[in-house]
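When you get a sec, could you build the whole thing from the sequences and use the hints?
This is what each chain is made of:
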Amino acid sequence: MSATETIAATAAAAPRTLPPVDRESRRLGFRLTLPTQLLVLFIAVFPLLMQLYISLTDWSPLDGVGWWKAWQSWNNFANYTDLLEDRRWWGALWRTFIIMLVCVPAEFLLALGLATLFMDDFPGKQIFYSILLMPMMVVPAVAGYMFFMLFQSGGPLNGILSALSGMDIKIAWLSDPTLALVAVMVADIWQWTPLMFLILLAGLVGVPEDQLKAATLLGASWRQRFFTIMLPRIKTIMVIALAIRVIEIFKIFDTLYIMTGGGPGVATETISVYIYKVTTQDLIWGYVAAIALVILIALSVVAVFAMKRMEAARNGDAVARKGARA
Amino acid sequence: MRRSPAFETFRYAAIALALALTLLPILWMVSMAFKPIPEWSATGADLTWIPRAPTLDNFRFVFGESTSDLIVALERTAWRPILSSLLSAVFGTLIAMVCGTAAAYGLSRFGSGKNLPLALIQLRLFPPMAVMIPVMIMWAFLGLIDTWWGLALIYGIVTLPFAFWLMKTFFDEMPREIEEAALVEGCSRFRVFMKITLPVMRAPLASSALLVFILNWSDYLIALLLTTKNWVTIPVYMASLSSSMTGQLYGAKAALGLLAAIPPVILGIAIQKHLVRGLTFGALKQ
Numbered sequence: 001m002s003a004t005e006t007i008a009a010t011a012a013a014a015p016r017t018l019p020p021v022d023r024e025s026r027r028l029g030f031r032l033t034l035p036t037q038l039l040v041l042f043i044a045v046f047p048l049l050m051q052l053y054i055s056l057t058d059w060s061p062l063d064g065v066g067w068w069k070a071w072q073s074w075n076n077f078a079n080y081t082d083l084l085e086d087r088r089w090w091g092a093l094w095r096t097f098i099i100m101l102v103c104v105p106a107e108f109l110l111a112l113g114l115a116t117l118f119m120d121d122f123p124g125k126q127i128f129y130s131i132l133l134m135p136m137m138v139v140p141a142v143a144g145y146m147f148f149m150l151f152q153s154g155g156p157l158n159g160i161l162s163a164l165s166g167m168d169i170k171i172a173w174l175s176d177p178t179l180a181l182v183a184v185m186v187a188d189i190w191q192w193t194p195l196m197f198l199i200l201l202a203g204l205v206g207v208p209e210d211q212l213k214a215a216t217l218l219g220a221s222w223r224q225r226f227f228t229i230m231l232p233r234i235k236t237i238m239v240i241a242l243a244i245r246v247i248e249i250f251k252i253f254d255t256l257y258i259m260t261g262g263g264p265g266v267a268t269e270t271i272s273v274y275i276y277k278v279t280t281q282d283l284i285w286g287y288v289a290a291i292a293l294v295i296l297i298a299l300s301v302v303a304v305f306a307m308k309r310m311e312a313a314r315n316g317d318a319v320a321r322k323g324a325r326a
Numbered sequence: 001m002r003r004s005p006a007f008e009t010f011r012y013a014a015i016a017l018a019l020a021l022t023l024l025p026i027l028w029m030v031s032m033a034f035k036p037i038p039e040w041s042a043t044g045a046d047l048t049w050i051p052r053a054p055t056l057d058n059f060r061f062v063f064g065e066s067t068s069d070l071i072v073a074l075e076r077t078a079w080r081p082i083l084s085s086l087l088s089a090v091f092g093t094l095i096a097m098v099c100g101t102a103a104a105y106g107l108s109r110f111g112s113g114k115n116l117p118l119a120l121i122q123l124r125l126f127p128p129m130a131v132m133i134p135v136m137i138m139w140a141f142l143g144l145i146d147t148w149w150g151l152a153l154i155y156g157i158v159t160l161p162f163a164f165w166l167m168k169t170f171f172d173e174m175p176r177e178i179e180e181a182a183l184v185e186g187c188s189r190f191r192v193f194m195k196i197t198l199p200v201m202r203a204p205l206a207s208s209a210l211l212v213f214i215l216n217w218s219d220y221l222i223a224l225l226l227t228t229k230n231w232v233t234i235p236v237y238m239a240s241l242s243s244s245m246t247g248q249l250y251g252a253k254a255a256l257g258l259l260a261a262i263p264p265v266i267l268g269i270a271i272q273k274h275l276v277r278g279l280t281f282g283a284l285k286q
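Chains as they are written, first to last, in the working numbering: chain Z, 1 to 326; chain U, 1 to 286.
FYI, nobody ran anything at the bench for these hints, they're computed from the structure.
Hints may be right or wrong, so weigh each one.
[What the hints assert, rightly or not] Result set (BS3-like, lysine-lysine): computed pairs, CA atoms no more than 30 Å apart in a straight line:
#, chain 1, residue 1, chain 2, residue 2
1, Z, 251, U, 195
2, Z, 235, U, 229
3, Z, 235, Z, 251
4, U, 273, U, 114
5, Z, 125, Z, 235
6, U, 273, Z, 308
7, U, 114, U, 229
8, Z, 170, Z, 235
9, Z, 277, Z, 69
10, Z, 125, Z, 213
11, U, 195, U, 114
12, Z, 251, Z, 308
13, U, 273, Z, 251
14, Z, 235, Z, 213
15, U, 114, Z, 308
16, Z, 277, Z, 251
17, Z, 213, U, 273
18, U, 114, Z, 251
19, U, 229, Z, 277
20, Z, 235, U, 273
21, Z, 125, U, 273
What you are looking at is a predicted structure, and each value in this text was computed from that prediction instead of being measured.
Printed below as a string of structure tokens:
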């Protein structure tokens, strides 16, 4: 029932006539949403136009002219054509995808496994659950520093490995190009598996228990119950969990930058790190603006898609709740 | 459901392993925070998980007190960064919650601002790095670079999507009867919102605010770009801590990291119930 209908129904039932609520509520609704609308305009529309304008020039803050005079260095879309041939950019994009392709499935499988263990009650469940969620609440920069310490060549990780193997192991994790990438991935998996776990568990707990019981009575094995009842039930939730991690890994910066600074060389340089370096060290802001715009356009497409999925999830949820009530 | 003893054994073993892996990095930082200088970079057989001579010197050091071992003087102490983190996160949360709650109510009850859900999701989707050029130019123009209020403003905008979506799902779920009763009594709609709806929604408002605060407190990149000296936040300050005499100030950094990590972990556990809803933009409720 929409708000207006509700009000109409109330008005019909009430002995007194109410003030013309329709106009009043529309005006109030407008006023309540106005600050947010203005903030969105302030952060999206104007900056995007500015970004588009600057991206067509060679402007840099070192030029000594205001950004509005950037047309003086107009370069006929050279930033965009340069981007196509920028090997460092493609490398960063590639590395970001590698991290995504390793971390997202790893986090997903670990989290799904853990979540199935937490489906029913057992002694200590609540405290284990709280502890397992801790990593995602640690400030990412601090998590980065934790792993920076862990992966030192004289650090505790090599210490543990030495104790286990009986040899004196001194692996220089963060200064080897491949191992540094591995280290960065380990940190991401450590920090964000809990988020997936949290989301997937919430989904699994929502699977109706009577269905599982019925299946057990009918002689379904654990594996059959898992693959034919539980997994299909949480399909949408899995998509949401995966989408959130894909989006967040695309932005990966804090932990990684503290651990390696994108190095050694460019071995762990991701998109965000690359943009950060061009912004603060090379200071070619016209070029940065072009990169940023390309990313924004690509992501907007993803946003529309994700939004549709989430809308479907919410509607599916509403249908399920109505069904349960009936 | 009854499970077999074999399953129970497997479950506890698997959980024990997960707990160990979860706690390992945290414990090392806690341990490091209480280690005196000679133990900072001890390796091989000297490497210990429990400090041999536990000390509070690392904490004293970052707050500018002179300590016996650390003779290096800090250019600036941790007080100012802590203040900066607190001010920017608190006021950022305030901006996000006030605007987000009002807009969520407007949409949930009156259908205003139908463009906002998608617009705000997109806002959240973009890497901050991809919109920072215009933000840095605008902030410089407005004189907001290296100020806590400049940080608070951008934090408020960045976390607005969370505040909006969380409050929207809460408002959508709230029974309308109470509000309707007040309307019949002759209250204006705005009065109903202020005097009835908001007090009823105290608990959801508190959890949303805490989530938004955690997110603001956790930022590193934005503060790195928008502050330079006077109002750097704890993570930026922590990353910049090093001295030419002792190299990496492991213990001091660990002490700071510990201080920075404690508030969100405690608050996060406090709002566990609403974390799923908050982090999935209300797509999923627990």
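Problem set entry | Structure versus earlier hints, numbers of those that do not hold, lowest first | Hint check: 1, 2, 7 and 8 fail, others pass.
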